[in-house]
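Q: The primary structure of each chain is shown beneath.
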Amino acid sequence: MATLIHDRPEHVRLSAEGKPVTLLEAIREGIWEEMERDERVFLLGEDIGAYGGAFKVTEGMQERFGALRVIDTPISEIGFTGAAAGAAHMGMRPVVEMQFIDFISCAYDMITNYIATSRYRGSGGVPMVIRGPSGGGVRGGPFHSQNPEMAFFHTPGLKIVYPSTAYDAKGLIKAAIRDPDPVLFFEHKWLYRRPQLREVLPAEDYTVPLGEARTHREGTDVSIVTYAAMVHKSQEAAEQLQREDGLSVEIIDLRTLLPLDEEAILASVRKTNRLLVVHEDTRTGGIAGEIAMRVNEKAFEWLDAPILRVAALDAPIPYSPPLEDFFLPGVEDIVKAVRHLAAY
Amino acid sequence: MATLIHDRPEHVRLSAEGKPVTLLEAIREGIWEEMERDERVFLLGEDIGAYGGAFKVTEGMQERFGALRVIDTPISEIGFTGAAAGAAHMGMRPVVEMQFIDFISCAYDMITNYIATSRYRGSGGVPMVIRGPSGGGVRGGPFHSQNPEMAFFHTPGLKIVYPSTAYDAKGLIKAAIRDPDPVLFFEHKWLYRRPQLREVLPAEDYTVPLGEARTHREGTDVSIVTYAAMVHKSQEAAEQLQREDGLSVEIIDLRTLLPLDEEAILASVRKTNRLLVVHEDTRTGGIAGEIAMRVNEKAFEWLDAPILRVAALDAPIPYSPPLEDFFLPGVEDIVKAVRHLAAY
Amino acid sequence: MPNQTEAPPVEIPHALVRGDLLALYRYIRLTRTLEERLVNLHRQNKVVGGLFRSLGQEGESVASAFALRRRTDGTGDMLSPLIRNLGSMLVMGAEPVEVLRQYMAKGDSPARGKELNIHFTDYQRGFVGQISPLGDMVPVMTGVTLTFRQRGEERVGMVYLGEGATSTGAFHEGINFAAVQRCPLVVIVESNGYAYSTPTAKQSAVKAFVDKAPGYGVAGEQVDGNDVLAVYGAARRAVDRAREGGGVTLIEVITFRRLGHAQHDNQSYQSVEEIERWASTNDPLDRYVATLLGNGWASEADLAGLDTQVERELDDAIAVADASPLPQDEDTLLDVYADGPVPLPWTRHTLPDPARA
Amino acid sequence: MPNQTEAPPVEIPHALVRGDLLALYRYIRLTRTLEERLVNLHRQNKVVGGLFRSLGQEGESVASAFALRRRTDGTGDMLSPLIRNLGSMLVMGAEPVEVLRQYMAKGDSPARGKELNIHFTDYQRGFVGQISPLGDMVPVMTGVTLTFRQRGEERVGMVYLGEGATSTGAFHEGINFAAVQRCPLVVIVESNGYAYSTPTAKQSAVKAFVDKAPGYGVAGEQVDGNDVLAVYGAARRAVDRAREGGGVTLIEVITFRRLGHAQHDNQSYQSVEEIERWASTNDPLDRYVATLLGNGWASEADLAGLDTQVERELDDAIAVADASPLPQDEDTLLDVYADGPVPLPWTRHTLPDPARA
Ligand SMILES: Cc1ncc(C[n+]2csc(CCOP(=O)(O)OP(=O)(O)O)c2C)c(N)n1
Ligand SMILES: Cc1ncc(C[n+]2csc(CCOP(=O)(O)OP(=O)(O)O)c2C)c(N)n1
Ligand SMILES: [Mg+2]
Ligand SMILES: [Mg+2]
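Protein chains in written order, with the numbering used here: chain A, 224 to 567; chain B, 224 to 567; chain C, 235 to 591; chain D, 235 to 591.
Wrong hints could be hidden among the right ones.
[Claimed, not checked] With a Cα cut of at most 25 Å, we get these calculated SDA-like pairs of lysine to any residue:
{"no.": "1", "chain 1": "A", "residue 1": "LYS559", "chain 2": "C", "residue 2": "LEU578"}
{"no.": "2", "chain 1": "C", "residue 1": "LYS441", "chain 2": "D", "residue 2": "ASP474"}
{"no.": "3", "chain 1": "A", "residue 1": "LYS279", "chain 2": "C", "residue 2": "GLY494"}
{"no.": "4", "chain 1": "A", "residue 1": "LYS559", "chain 2": "C", "residue 2": "THR581"}
{"no.": "5", "chain 1": "A", "residue 1": "LYS279", "chain 2": "C", "residue 2": "LEU493"}
{"no.": "6", "chain 1": "A", "residue 1": "LYS279", "chain 2": "C", "residue 2": "GLN501"}
Calculated directly from the structure, the hints in this document are not laboratory data.
Sequences and hints are given; from them, build the entire structure.
A: And the structure:
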């Protein structure tokens, strides 16, 4: 990869210069580097050009790569998602931005019926990425706070990625862009600019493979399987539990939800014999169910306690701070659940 | 209910005259009776008028109830689903037909974002039904065979119904039309006209309450929780297992998927201590997961074996007979899984 | 501009009376001032989340809604606003205190803290709260007005959307279905130059959005959106047509969004001159004031009196809204279904023992 | 009609040559006869699932595709057909044996038994297989042609849809985006009187579907769909415009669906007279034959020779397709992802012991 670092504007050469980056900056660098590396990569979305996107992820890209590689679209989630698929058929590598991931619902048919099935139908793989800001905790109300993973988790043919750290976010967005199949890439907006998540990333090109979970924290008493913002709430809970109860909590960050890294989950369960799944998404029909099923199928004998979960309430995500705080799973919920499991 | 039976055309007074009906006829009668009972009930969909719908469910209705109560729509799933919501706001009770349930995906945003959240947002409940032919086994290929339940199972505010018998189908469609909240009503097309399912229904008005499972077959050794077409495959398996292995299999027909009748599932598990979930829908992210999670949360101590599942493969539903047959869960899969559980 | 002392009285157009003219003025002023007050509250961190302005568009918003039959008993016309139609909501009877409570995420706000800003509904007064996915309200209003037809009610619906939202499938499917059913629906397309940062030329290749009307077989009209009375006239014609069974009208309102998409938007994509030009020569309020005074339909004192009234009303409303309580935690569980609250997760109970229950 | 022995030769329009005229004839005949053969196979239960006919529409389907630049190496134009565009597929080089294998659900069919009828793709020959949800192919072809622009390739795309499918949001979003990006795309709207059972008047209030073109700022043309050469001319103009950078054209093709939506449809909603009238006075093949013979561009013997060729070709193709194998069970697991097959469920293994593994 013959990258000319000095050609890059300042805001996309932080890692190259050894400076720490936020999760948002990591994603921006990842996309930029892939645009440099592979001229087939191009971007589609609302206000991503001169404006740089609602969250400025694509800032500076149109200026650098031109209006045919960074395309401001009409307000047409079906239209530009479908167009990305068509371009992918022709050998391109489109990356689509949903201004808020909530609007991915408008393209639901195109994604699940057209894109996800293309390879199976004999129309070839559709290497494309659909990405956008997701998640709650920012007072965005019911349509700027959603976690849409389970709307797509059930669709064979798709991959789903949801990173929790800057390192993973960069490595995974790059891997997603290079992947031969369609990838949904969710970016938790509560993590985007969190100063606590800033980290110095490798100056060189790297990817993080899709489909592999990561042990965020080693532990021996109880396993927490989680992802995205809840990794950090789980970490907070784990520290409190260590401090107050002397409990050793292991945290598995799924990173990729589909395909699910079953082996990583099973390995942790076989070690701790107690499993808590934590997700920010609503409870009924959340990913905890699939995980519980897999563990039942393959590691039932290792369980010393029921599989439990901490998740958001079964409601639309409300706007007002007391309601949203009550709606979202909190550190206290995790602490309580782990204590219960440890004592079981 | 002052119904004038003799005013009805022959094909919708079968039950009133004590004749057996198919599942399709039961649904047709249910809708017809609700149209008679409540003038707020009206129908929207493609080709449902003079033509009577692709499967003839609404046959004769436009002639009887007029073109303002049985509306042929343009090919606009977003349009007519949204219009139904608007009409419901004004006090109507719309029943929307998807020509094939697969096309419900086009209205995904309208259903999950607008309709499901309306009550929560303070815009009032949206009493409406979205119904249509679903399910595989008829060589319909990837877009005329889907089971879309899990696309909506995760959306608080919706109810989901999926009947397996003529009695339930009629009672549930009537309950769904009367329900104050939006109900998705799936009609398995492989069951529509199955002669084996013909039954004589009560001549009088009756409903089957939403949210209540039904014990399809009593048993003591292993519980099968299932719904829709798989109820009948499970029954076949249960009979074989009784015959060949002397096993007593209990079958719980969920009937309503959302809200899930947790109590019925738990009661059966507490009785048999062994649980198999069978669904025609694809495996990963299927409803088995949620059921496993609920049982873990509330009846873990009663389990003598892992919770297992039999489901379709993780692929789009293929068209060619050998592929579709391999894709769908079969009686043999159920038999094998139950034997495994019984021997555990 | 004033001082035409003895000229013969100029006739008021569109069968409006002087009281209407002053009411229009008051609503426009109320809209603008309420938004300015919201900016202050936003600075004080009392507004929760984003803040959306309609500066420069208040005239069309107010004047179009003013053409509707307004009732408070659920028998009048119905309207569905978009984010920049605070003015239309006020015309339909939304109270400033309600808007303030919404923006401040209060528990006694119309949406009880569950939804934000002007996303709220009152079927009695005749407005349906929008959701964020653009275009969705068009099919919904198609259904509302379809029911007016089904019941033979002489009521009309009006739905707003930005020119950007005409690109959505929902708009297309909704207006087409309404056209086929000859629903009494007025669709107002607010052509304000931008969709967020996207200029109209990147949104559509159409010469004018009114050209979409023949493509649906509906009536179309284009109007200068910053001419209050012209907008009223166009809306009135469309509302009358709808009420008389003439079906759908698409009105393209030409206006300009002088502030950012939302409070955080720095408008880097607009030229300062363009904004300045619209502000100095084509502000709907300035133009309307000039019309009122120039035609002798109102005096400066009349307007000043209304301004003072508005300021006072808002002072009071802000005090009340500020004192309103936030919602209670467990309200989160209510109104998902009619049947009752959704379950509290076990980790919020005092005695968690779910698996041995 | 024939027998004009010594008249001066009539000039062939649109710069076509005699070989083209015969090729067009052959494709139309091949389409019609292949569909008739499929009906027989359907009666013999050799066709699996539904069967869709284009009787009366073969002319427009063939003639429009004929205007494209056809290659077999992936450098030509691209087309996305709908269910009634078997003719277009054949023009692009789809083989009857492929179509037959598809309809017979064979393992060596282009979609390997996973998808049905003419839902199949070949990027080398230049066609993209449709999916059932109507309208979706418009955005997809917008993307295909966007890439032609991105790469500076002088290639053109053509996408078909019925007048019914113009009601979909996907159509609207796709054509609008293509219009803004001036993609080299030709959109063919087949106005054939019905969408399944729904007459056009219940589908849209528009006077003519070509009136939608100005609403997107694109070129529009309406053409008699049963006049083969007129359709070719219109398509050719649009294709040339697209290739020269003139952007999108919407062509409305006026035709009629003389058979049911699919084989099971009894056409109760159409009048027998209407169908009869189109059949007897406005069949595209009859009209084309009359033109060929009348202008002396072909002799009856020419056409009979082609007919025989078609029959023979189809005899062979049917024999081959019939002998083709069905797919293998475990093919079900392939091609969900590039990474490899999806897992076999444990109940299909010989030794199931998942929980103690
Ligand atoms: C379906 C959908 N996609 C994207 C958005 C994000 N979004 C919010 S407002 C906006 C621009 C709206 O522009 P326009 O319709 O012209 O209205 P204006 O703000 O100019 O009044 C966008 C893209 C959305 N709300 N809904
Ligand atoms: C989104 C969607 N809704 C419904 C259908 C079911 N359907 C299949 S064909 C058809 C009618 C199509 O009519 P038209 O577009 O006019 O094409 P034609 O059959 O007349 O060529 C319908 C409603 C579908 N395929 N896709
Ligand atoms: Mg705008
Ligand atoms: Mg048609």
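Q: Taking the hints in turn, state whether each one holds.
A: Okay, the hints, checked on the actual structure:
Distance hint between LYS559/A and LEU578/C is fulfilled; the C-alpha atoms sit about 15 Å from each other, no more than 25 Å. In summary, the hint linking LYS441/C to ASP474/D is supported, as the alpha carbons are separated by about 23 Å, within the 25 Å threshold. For the suggested pair LYS279/A and GLY494/C, the alpha carbons sit about 15 Å apart, so the restraint of at most 25 Å is met. The straight-line distance between the Cα atoms of LYS559/A and THR581/C is roughly 6 Å, inside the 25 Å bound, and the hint therefore holds.
Distance restraint check for LYS279/A and LEU493/C: the Cα-Cα separation of roughly 19 Å lies within the 25 Å cut-off, and the hinted pair is therefore satisfied. For the hint linking LYS279/A to GLN501/C, the alpha-carbon distance of about 14 Å falls within 25 Å, and the restraint holds.
Taken one by one, the earlier hints all hold for this structure without exception.
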